[in-house]
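Engineer: Those protein sequences? They're chains A and B, same order as listed.
Just so you know, we're using the numbering used here here: the first sequence kicks off at 7 and counts up by one.
Just so you know, we're using the numbering used here here: the second sequence kicks off at 138 and counts up by one.
No lab work stands behind these hints: they were computed from the structure.
Owing to the predicted nature of the structure, the values given are computational and were not obtained by experimental measurement.
For every residue, glycine included, the Cβ atom is placed at its ideal position computed from N, Cα and C.
One or more of the hints may lead you astray.
Said to hold, decoys possible - Take a look, some chain B residues computed to stay more than 10 angstroms from chain A by CB distance: (1) Arg148; (2) Pro157; (3) Trp182; (4) Phe201; (5) Asp203; (6) Leu213; (7) Asp252; (8) Gln266; (9) Asp277; (10) His292; (11) Asn323.
Unchecked claim - Covered by chain B, according to a simulated footprint, are these stretches of chain A (three or more residues, beta-carbon under 8 angstroms): (12) 51 to 57; (13) 166 to 174; (14) 220 to 231.
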Amino acid sequence: MWRIGTVVALHDETPTARTITLEVPHWPSHIAGQHVDVRVTAPDGYSAVRSYSIASPPNSHGRVEITVERLPNGEVSPYLTQEVAAGDRLELRGPIGGWFVWRTQQTEPVQLIAGGSGVVPLMAMIRSRAAAHSTAPFRLLYSVREPQAIFYRDELQALIDKDHSLSITYAYTRVAPSDWPRPPGRIDASVIASAAWPSNFAPTCYVCGPTSFVESATDLLSASGNDRDKIRTERFGSTGERK
Amino acid sequence: MDIISRGFSGRRSPENAKLPPGQYLTTDFPVLSAGPTPHVPLDRWEFTIDDGTHVLRRWDWKSFRDLPSETFTVDLHCVTRWSKLGTSWEGVSLDTILMDVQTDASYALARSYGDYTTNLPLNDLRNKQAWIAFRFDGKDLAPEHGGPARLLVPHLYLWKSAKWVRGITLMPHDKPGFWEGLGYHNYGDPWREQRYSGDK
Numbered sequence: 007m008w009r010i011g012t013v014v015a016l017h018d019e020t021p022t023a024r025t026i027t028l029e030v031p032h033w034p035s036h037i038a039g040q041h042v043d044v045r046v047t048a049p050d051g052y053s054a055v056r057s058y059s060i061a062s063p064p065n066s067h068g069r070v071e072i073t074v075e076r077l078p079n080g081e082v083s084p085y086l087t088q089e090v091a092a093g094d095r096l097e098l099r100g101p102i103g104g105w106f107v108w109r110t111q112q113t114e115p116v117q118l119i120a121g122g123s124g125v126v127p128l129m130a131m132i133r134s135r136a137a138a139h140s141t142a143p144f145r146l147l148y149s150v151r152e153p154q155a156i157f158y159r160d161e162l163q164a165l166i167d168k169d170h171s172l173s174i175t176y177a178y179t180r181v182a183p184s185d186w187p188r189p190p191g192r193i194d195a196s197v198i199a200s201a202a203w204p205s206n207f208a209p210t211c212y213v214c215g216p217t218s219f220v221e222s223a224t225d226l227l228s229a230s231g232n233d234r235d236k237i238r239t240e241r242f243g244s245t246g247e248r249k
Numbered sequence: 138m139d140i141i142s143r144g145f146s147g148r149r150s151p152e153n154a155k156l157p158p159g160q161y162l163t164t165d166f167p168v169l170s171a172g173p174t175p176h177v178p179l180d181r182w183e184f185t186i187d188d189g190t191h192v193l194r195r196w197d198w199k200s201f202r203d204l205p206s207e208t209f210t211v212d213l214h215c216v217t218r219w220s221k222l223g224t225s226w227e228g229v230s231l232d233t234i235l236m237d238v239q240t241d242a243s244y245a246l247a248r249s250y251g252d253y254t255t256n257l258p259l260n261d262l263r264n265k266q267a268w269i270a271f272r273f274d275g276k277d278l279a280p281e282h283g284g285p286a287r288l289l290v291p292h293l294y295l296w297k298s299a300k301w302v303r304g305i306t307l308m309p310h311d312k313p314g315f316w317e318g319l320g321y322h323n324y325g326d327p328w329r330e331q332r333y334s335g336d337k
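Given these sequences and hints, build the entire structure.
Structural biologist: This is the structure:
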């Protein structure tokens, strides 16, 4: 069943990523980590559908937020990040997915690991936890190209300032702030050792990002003693091979 | 009711005509998995057919690779809407695997390293429709794509083509697998757009 969402707010997270807030009548709510299918249709009836993770927490009074990263050769993401205006309507289907989710009843430690725009469903988990006044211990390890590429930066800072059972470690792959203790680079075993929960805390791990990032992060989590059954993943994009 | 998206023109390709409804063409090979990629050493790999109680057939890597294999070219359709056309593979047909297996079962549950499962009618594994594939594009199948060997059932959405497959359980009654129990369609025919539970 396709629902109609009306765009009520737009916010640029970075020069290439935009958060779109939709008002969706009779939205059945969702679980943090789920996604929606978004359908856009040209005047001649041609349509295209893409899946986007929901960024907003459950029970947001019929509002659903997605954050869309513009892909250089994308068909739908340039439209959503550059053309869509307040008052426009989009078709939505969902919420979808029952595996890469965090439920407010969960109380065990949680390790979130994001690569780039893979932070979106993890942000829904962080927001869901805050909205439910959960005290489940959360850690987010967030790998980004450079400081300007961070999504939700002010909101994340405000959350950690008032909540000591949530912590965030940034890891920069290309450009780090000048006072940063580590040179830019990909996440490695030493980053996992210093930023992630020790494996004897038995955290549930959620890893989201490009395929190569998820492959290496999950291998590092396994190598540091995490049970593979406790690692959930969501991958996007290609393997980097191109024909 | 379709809503027109002001300012959206889209990118039409003549190739789209060959695609199932709601799919778009990709030339790379995206990866979707629910958890970490299992790395299965060949000397520990095995593939079994069982009936839920007894193992009926068992192969180790060597005896599996001694089975006659075939090369084939098929189109892949992922429920996340990408399709990849004309992919070339090498694998052992399920007709070969099931040749000497006597069964009254109507359903099958594919089981994988990493505990993934997916269900399908046993008939969908027969009649040159399904393979245990171990080479893609002339190279050994990479772990992130399901290597050392994966099920390939290209006439259904790709989640039915279990990566890292380790066996098939024959069942008298249908039983949902991993995604089928999490809101995805029980059968998954791309041409009928059976993506989610509730789709006809």
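Engineer: All the hints need checking, so say for each whether the structure fits it.
Structural biologist: Cross-check of the supplied hints:
For Arg148(B), the condition that its CB be more than 10 angstroms from all CB atoms of chain A is violated, with the nearest at approximately 5 angstroms. A cut-off of 10 angstroms between C-beta atoms confirms that Pro157(B) is not in contact with chain A; the least separation is 12 angstroms. Non-interface call for Trp182(B) relative to chain A: holds, since the shortest CB-CB distance, roughly 17 angstroms, exceeds 10 angstroms. With a cut of 10 angstroms on Cβ distances, Phe201(B) stays outside the contact zone with chain A, its closest approach being about 24 angstroms.
With a least CB separation of 30 angstroms from chain A, Asp203(B) remains clear of the 10 angstroms interface cut-off, as annotated. No beta-carbon of chain A is positioned within 10 angstroms of the beta-carbon of Leu213(B); the least distance is around 13 angstroms. Its beta-carbon lying about 7 angstroms from the closest one in chain A, Asp252(B) breaks the requirement of being farther than 10 angstroms from that chain. A cut-off of 10 angstroms between C-beta atoms confirms that Gln266(B) is not in contact with chain A; the least separation is 25 angstroms.
Here Asp277(B) stays apart from chain A, with its beta-carbon at least about 14 angstroms from theirs, past the 10 angstroms limit. A cut-off of 10 angstroms between C-beta atoms confirms that His292(B) is not in contact with chain A; the least separation is 21 angstroms. Residue placement check: Asn323(B) keeps its beta carbon more than 10 angstroms from all beta carbons of chain A (closest about 15 angstroms). Given a C-beta distance limit of less than 8 angstroms, the hint that chain B covers the region 51 to 57 of chain A holds, as 7 residues qualify and 3 suffice.
Closer than 8 angstroms: that is the beta-carbon criterion, and the region 166 to 174 of chain A has 0 residues meeting it against chain B, so the requirement of 3 is violated. Coverage of a stretch by a chain is defined here by at least three residues with a beta carbon nearer than 8 angstroms to that chain's beta carbons; for the region 220 to 231 of chain A and chain B the count is 5, and the condition holds.
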